[in-house]
Amino acid sequence: MAELTFVRTQMVAPREAPGVSIGIVKWMRENLFNGWLNSILTVLSLYAIYALVSHIGPWFRHAVWDAGSLQECRAIIQATWGEGASGACFAVLRERWQQYLFGFYPSELYWRPTLTFFLMFAALAPILFAELPRRLIWLSAAFPGLAYWLLWGGSIFVPISVYAGVAIAVVVYAAAAGRREGPLAAFAAVAAALVWWAYLAGPVAGVLASTGIGTLTPVQSKLFGGFTLSFVIGVTGIVCSLPIGVLLALGRRSDMFFVKTICVMFIEFIRGVPLITLLLVASFLLNIFLPPGTNFDIILRVIIMVTLFASAYMAETIRGGLAALPKGQYEAADALGLDYWRAMRLVIMPQALKISIPGIVNNFIGLFKDTTLVAIIALLDPLGLTTAIRADSNWNGLIWELYGFVALVFFLFCYSMSQYSQYLERKLRTGPQ
Amino acid sequence: MSDVAATDLKRAAPAAFKVTDEIAIEIAGMNKWYGQFHVLRDIDLNVYRGERIVVCGPSGSGKSTLIRCINRLEEHQKGKIAVDGVELTSDLKNIDKIRSEVGMVFQHFNLFPHLTILENCTLAPIWVRKTPKREAEEIAMHFLTKVKIPEQANKYPGQLSGGQQQRVAIARSLCMKPRIMLFDEPTSALDPEMIKEVLDTMIELAEEGMTMICVTHEMGFAQAVANRVIFMDQGQIVEQNEPKEFFNNPKSDRTKLFLSQILGH
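Chains A and B, in that order, are what the protein sequence lines are.
With the first letter of the first sequence counted as 1, position 35 gets the number 34 in numbering that gives the first Met the number 0; the numbers rise by one all the way through.
With the first letter of the second sequence counted as 1, position 256 gets the number 255 in numbering that gives the first Met the number 0; the numbers rise by one all the way through.
Incorrect hints may appear among the rest.
[Unchecked claim] Taking CB as the label site, the calculated pair distances span:
#, chain 1, residue 1, chain 2, residue 2, range
1, B, Asp20, A, Ile136, 52 to 58 Å
2, B, Gly219, A, Phe128, 34 to 40 Å
3, B, Glu150, A, Pro357, 33 to 39 Å
4, B, Ala188, A, Arg252, 23 to 29 Å
5, A, Lys259, B, Phe36, 21 to 27 Å
Hint data in this document are derived by calculation from the structure and do not stem from the laboratory.
The C-beta atom is built at its ideal place from N, Cα and C for all residues, glycine as well.
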């Protein structure tokens, strides 16, 4: 039986892994010519790529950037590249690119949407990148008012008076919270802000505006168009739908019967209706229900509808993240004495949102692309403009150049969002992997 | 609660277990149901300050549910639970107050994976106790040193071993300076080699006079540390005694059977 016993006298020291060749030949063998079936597929794919490039390549190479109409384009291409040659007519973009960017915004005021666009990145930066100084968040907070003022013009006291309502709420809350119960102080704060907005903000802003300080030429909503319109709707929708979605998701998981019922009804109703229906309601029906004489801006109406629509989807995405968290996380937060809102804010939401990042960005991208649906209600978004440009006798017959351009711009922004989300996921990874 | 007569108080806390005169937890005539299922039946239990109680029993006997009722992770439907004289009702203020005075350690640690070890420990002191951040960090480092892992402070829970995570969980609870600690099978999810390091931490805590209730199957720990062992079955306290008597001279047949099962192998 002695041969059955075994005692190790020496522990085996770790050794280096066998050398792995990382040459290009090995990579090709593994990925391209791994067996006869894959070799055939590789060859076929190469041919497909060649066929595609050899047809599209000349189209780009023959592109004309300087012409007054499609006929001129074609004439130039025939003259340069011979009879029967085809090519892109990018001259239309050269002529109409400003319209694509700004719609019918007055051309002497183009600097305003442009400035807003770049300010948007400055305002987003502190939200997207935690490394930046926290003080920059004030710029982010000021941006919505600033953007409104720059885009629509008018007196700067209009957005300021709106912000003043928030400031009043904060002051009232701080004053009341010392003496009264928390919910009561919050109620007083909200009431004070509402009173300010409903009765005082308008007259006060009117008086201040009459001084003429900080007044920009007003621009009407019907002049908005192109990517300016897409961005106004898309960015506002994205920024507003996330917090509303969070609240709806929490409401749907709440123990409180009425809160839960309202949230479920809202989500199921909005999600069950096509966005176009909501846009048509915003465009045609809403005015019927509003008191006569109210001038409810069309872009604002569309933004509200898009936001509601997106937040219903967002709520379900976030609810998925909440459901994925182990029950122990909720219990540990409770056991430490954190109240509901602190537990949600500090423990539950950071984890649930992290889990939901792919879904949330999915919603963002979908929402941004859905802004093109406003073409249905005669707003001139990039697709609406494309229809208008194609109706111009000079450019009648162009398809690829126009839609390709719109697609490219959308792709750039959607792809950036996707890349950012992947960066964020990598950054937030805290596990052992 | 007429069924909780004065005579029952003797059952709730035999005078022999008085470590001090102060009652830390008072449970009287407590009942709990899950739907129609009667999980906890007529529980009477007084815990004196400084007591180290071990609760054992077969699975499904309601022992975890019992200690989870004490900080209201589970709601009881009938009877009274008072912690430090504050009665647990549906009043949220009382619940949060009691929870901040009662530390809890879970079977699966339940550390917050998105926060570092240090942040796990400072979260509740900063947001519940309103301790300034620097002071909270000093307290956290003090307790992390006590559980012997100060060098891990800036790592994330996912990078630690199970035993280390559980010791962090203990430190996290201690940072709230609780007056009572509840342990819900703290070593059940650990490898045998790691159980000892967690038990050592708990023993140290007991020696400092912390009031503890511990649901565990570590009978060695019970014998070494507990001043009272409670045996539960079918949602009831079947037997309670000091450890020596409990293990050497169990009174009820159910207890005898249970002990023979867990000690016999």
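Here is how each hint holds up against the structure:
1. One distance hint, 52 to 58 Å for the beta-carbon pair B/Asp20 and A/Ile136, holds here, with the actual separation near 54 Å.
2. Separation of B/Gly219 from A/Phe128 is about 53 Å and departs from the stated range, judged on CB atoms against 34 to 40 Å.
3. About 35 Å separates the C-beta atoms of B/Glu150 and A/Pro357, a value consistent with the hinted range of 33 to 39 Å.
4. Checked against the hint of 23 to 29 Å, the C-beta distance between B/Ala188 and A/Arg252 comes to roughly 27 Å, which is consistent with it.
5. A C-beta distance of roughly 25 Å is found between A/Lys259 and B/Phe36, which places it inside the suggested range of 21 to 27 Å.
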